[in-house]
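S.K.: Residue-level listing of the chains:
Protein chains: 2
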Amino acid sequence: MQTVHVELGVRSYPIYIGEKLFANSQLLRAHTRAQQVLIVTNETVAPLYLQQIRECFAGLSVSQVVLPDGEAYKTLAVLSTIYDQLLQEKHNRTTTLVALGGGVVGDMTGFAAASYQRGVDFIQIPTTLLSQVDSSVGGKTGVNHPLGKNMIGAFYQPKCVLADTGTLETLPKRELSAGIAEVIKYGLIVDGSFFNWLDDNVEKLLANEREATSYAIQRSCENKAMVVAQDERESGVRAILNLGHTFGHAIETAQGYGNWLHGEAVAVGMLMAVRMSQMMGHLTQSDYERVCQLIHRAGLPVDSPKNMTGEQFINLMGVDKKVIDGKLRLVLLERIGQAVVSTDFDTESLHQVLNEYCSAA
Amino acid sequence: MQTVHVELGVRSYPIYIGEKLFANSQLLRAHTRAQQVLIVTNETVAPLYLQQIRECFAGLSVSQVVLPDGEAYKTLAVLSTIYDQLLQEKHNRTTTLVALGGGVVGDMTGFAAASYQRGVDFIQIPTTLLSQVDSSVGGKTGVNHPLGKNMIGAFYQPKCVLADTGTLETLPKRELSAGIAEVIKYGLIVDGSFFNWLDDNVEKLLANEREATSYAIQRSCENKAMVVAQDERESGVRAILNLGHTFGHAIETAQGYGNWLHGEAVAVGMLMAVRMSQMMGHLTQSDYERVCQLIHRAGLPVDSPKNMTGEQFINLMGVDKKVIDGKLRLVLLERIGQAVVSTDFDTESLHQVLNEYCSAA
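For the protein sequence lines, the chains are W and V, in the order given. Per the working numbering, residue 694 is the first one in the first sequence, and the count goes up by one each step. Per the working numbering, residue 694 is the first one in the second sequence, and the count goes up by one each step.
One chain only, chain W, in its complex shape (with noise of 0.2 Å):
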């Protein structure tokens, strides 16, 4: 078992990462409080794993909520029916919420814990490659608004994160390539040598080969606490982490949330934001070519989707959160492994950008 330490002082938290960590109900047991669990999670996860995490807490007042699966049900309505459970079995301050499955249950939960009598504690066990890598850590939770992604939410901590690798073997291939696009993402704006990295062994973690997926975890996860434990609540640095996703959410946005997956969203706005740094200036033709290369072969998108066009980018990038006081800001790359936040970008470039990507659907 590997343990990366977020370090956020009164808020730090560990992410344990690791196979048949299910097994071990002591790590789980350590970080709660008190005799009350409530479990989280959706139809698809909990045939698979509902059985060993509640097992984890025997002897504890033990529930769960089952949620629908899926983008579509990361909403204010769904996430009501979660307090509703709460509420009914008079779960108190000291309560623990379990978020057990992708990042849909994990920022719902999470959003969740956070507002549930102004706050109670709660944990986060990914059960997807994309969660592990990316959303259970970093306390970023909420639900979608019809006008826009993760509109409601708030900046939230786990007690701790627990990325069972085994969960993978059950993923659907889709998924995994999905994940595997935030793992490229690291590489992109802070590794450079984890990028070469990935150049390497992308087919390895495509076939889910358990050493190569563990140090990917590892590393994603090293990489994104450093970001976070420098700027936890985004007014910096911490926006690097976005990049693809203005792109990306204005793709999810447009085809509905879910029929594109979040991952396949971001490597295709991760491509833009490279076509775009590159005719800025700062990556070679080639750069780009090798971003578009690795992300085809981690069986993801690299065209945007066929119906959008270029003024639809524009207006549902404008209310994307990375607007500050009316600017658009996007993350650009200076080189691969470096990202920076710019606002004064070259617009010609975007507009460019989107009539190839627009026109090239």
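Bear in mind the hints are in silico, worked out from the structure with no lab data behind them. Among the clues, some could well be false.
Note: identical chains are not told apart, hence a pair may lie in one copy or across any two.
[Stated by the list, open to error] Straight-line distance between alpha carbons at most 25 Å, and here's what the computed SDA-like set of lysine to any residue pairs gives: (1) LYS783 x ALA770; (2) LYS852 x GLU925; (3) LYS852 x ASP924; (4) LYS852 x ARG704; (5) LYS866 x ASN889; (6) LYS1020 x ALA723; (7) LYS852 x ALA751; (8) LYS1020 x ALA751; (9) LYS783 x THR1036; (10) LYS783 x THR768; (11) LYS1020 x LEU753; (12) LYS852 x ARG926; (13) LYS783 x LEU769.
Here the structure is a predicted model, which is why all the values come from computation and not from measurement.
Once you have looked at the hints, place chain V on chain W.
M.R.: Relative to the frame of chain W, chain V by itself:
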């Protein structure tokens, strides 16, 4: 103008108290970061003060949400309409929400600000006595759930509080009395000499005499600021601010939100707590009668609702946020001017008080 400072490190902020503060637009502008402002108010307050407040922000992009008036509308569904407008108007992370109204408007706007894009700025402009002395100060925000009051929310501090005492001239008598309940609370829990002052001056508050009212607001805010500064997230001493609230919330929930005013329910709840403290030997019969008298003179109820049973109280008190690990915590008095949070109270006294108040009704 008086200024009371709430000392919370980077989250510190001023409370401005005085007459005609709405005419001083600099006060508000000094706490606005960017170009966008959304004023949240209700249909009762809007015709009275909305235009004045809009004018304070002249030159910025100002819009408003006018909510229906009353505790019955402090729900997730109504909160949702604030998010809708923020997104429709593309408010970004530097926007400022302004709560113009009483406790319901303040609590909902505060939670909207805490959760929109994971946190934006907000300003409290309380227009009722209750919100000026209590709910606008200290950062408790949230909405009700059918199964419990304020069960969904966040600790989230405003950038400033602007209490213009002129607004009390338009406040219905019943609401003025409800505010006085919370003023009396500060005397009971931390400030015996203020309690004596109130005993001498409560009629001046009822008559809304300028100097007395201003003094009572200032002293209430000072007391609240002192308690909140010691324990922002209510892990300890802050709970004394809930004197009477556990009983009171049971009344509010049983009667349906809005039928009893919050201050009215708290008034009876405080009496029940004081009675229980007396039964447990901390106060004399004459202390209890003195509190009874003062609450009665303030135009507040001294009996619990006729239709409530002791069992109903117990059941509703069980889901109160003050319940830790299945054990009911109650705020009791050691003497007038000193409160204590207790879990090892005499259960017999609790049942006796419930019998007395429920059969008296």
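S.K.: How would you label the pair LYS1020, LEU753 (within, between, both, or neither) given a Cα cut-off of 25 Å?
M.R.: between (51 Å within a copy, 16 Å between copies)
S.K.: Since the copies are identical, ignore which copy is meant and state whether LYS852 and GLU925 lie within 25 Å (CA to CA) inside a copy, between copies, both or neither.
M.R.: both (15 Å within a copy, 20 Å between copies)
S.K.: Using 25 Å as the alpha carbon limit, work out where LYS783 and THR1036 are close: within a copy, between copies, both or neither.
M.R.: between (48 Å within a copy, 18 Å between copies)
S.K.: Taking 25 Å as the upper bound on the Cα-Cα distance, should LYS852 and ARG704 be classified as within, between, both, or neither?
M.R.: both (8 Å within a copy, 24 Å between copies)
S.K.: Is the C-alpha distance from LYS852 to ARG926 at most 25 Å within one copy, between copies, in both cases, or in neither?
M.R.: Classified as both; 17 Å inside a copy, 17 Å across copies.
S.K.: At most 25 Å between CA atoms: does that hold for LYS783 and LEU769 within a copy, between copies, both, or neither?
M.R.: The answer is both: 21 Å in one copy and 19 Å across copies each meet 25 Å.
S.K.: Evaluate LYS783 and ALA770 at a C-alpha cut-off of 25 Å and name the case that applies: within, between, both or neither.
M.R.: Both: 20 Å inside a chain and 22 Å across chains, each within 25 Å.
S.K.: Under a CA distance limit of 25 Å, which applies to LYS852 and ALA751: within one copy, between copies, both, or neither?
M.R.: Cα proximity of LYS852 and ALA751: one copy only (19 Å, versus 45 Å across).
S.K.: Between LYS1020 and ALA751, at a C-alpha cutoff of 25 Å, which is it: within one copy, between copies, both, or neither?
M.R.: between (52 Å within a copy, 22 Å between copies)
S.K.: Treating 25 Å as the Cα threshold, decide for LYS783 and THR768: within, between, both or neither.
M.R.: Answer is both; intra-copy 23 Å and inter-copy 19 Å each pass.
S.K.: Please sort LYS866 with ASN889 into within, between, both or neither, judging by C-alpha distance up to 25 Å.
M.R.: Cα proximity of LYS866 and ASN889: one copy only (23 Å, versus 73 Å across).
S.K.: Using 25 Å as the alpha-carbon threshold, which applies to LYS852 and ASP924: within, between, both, or neither?
M.R.: both (19 Å within a copy, 21 Å between copies)
Hint violations for this structure: none, all hints satisfied.
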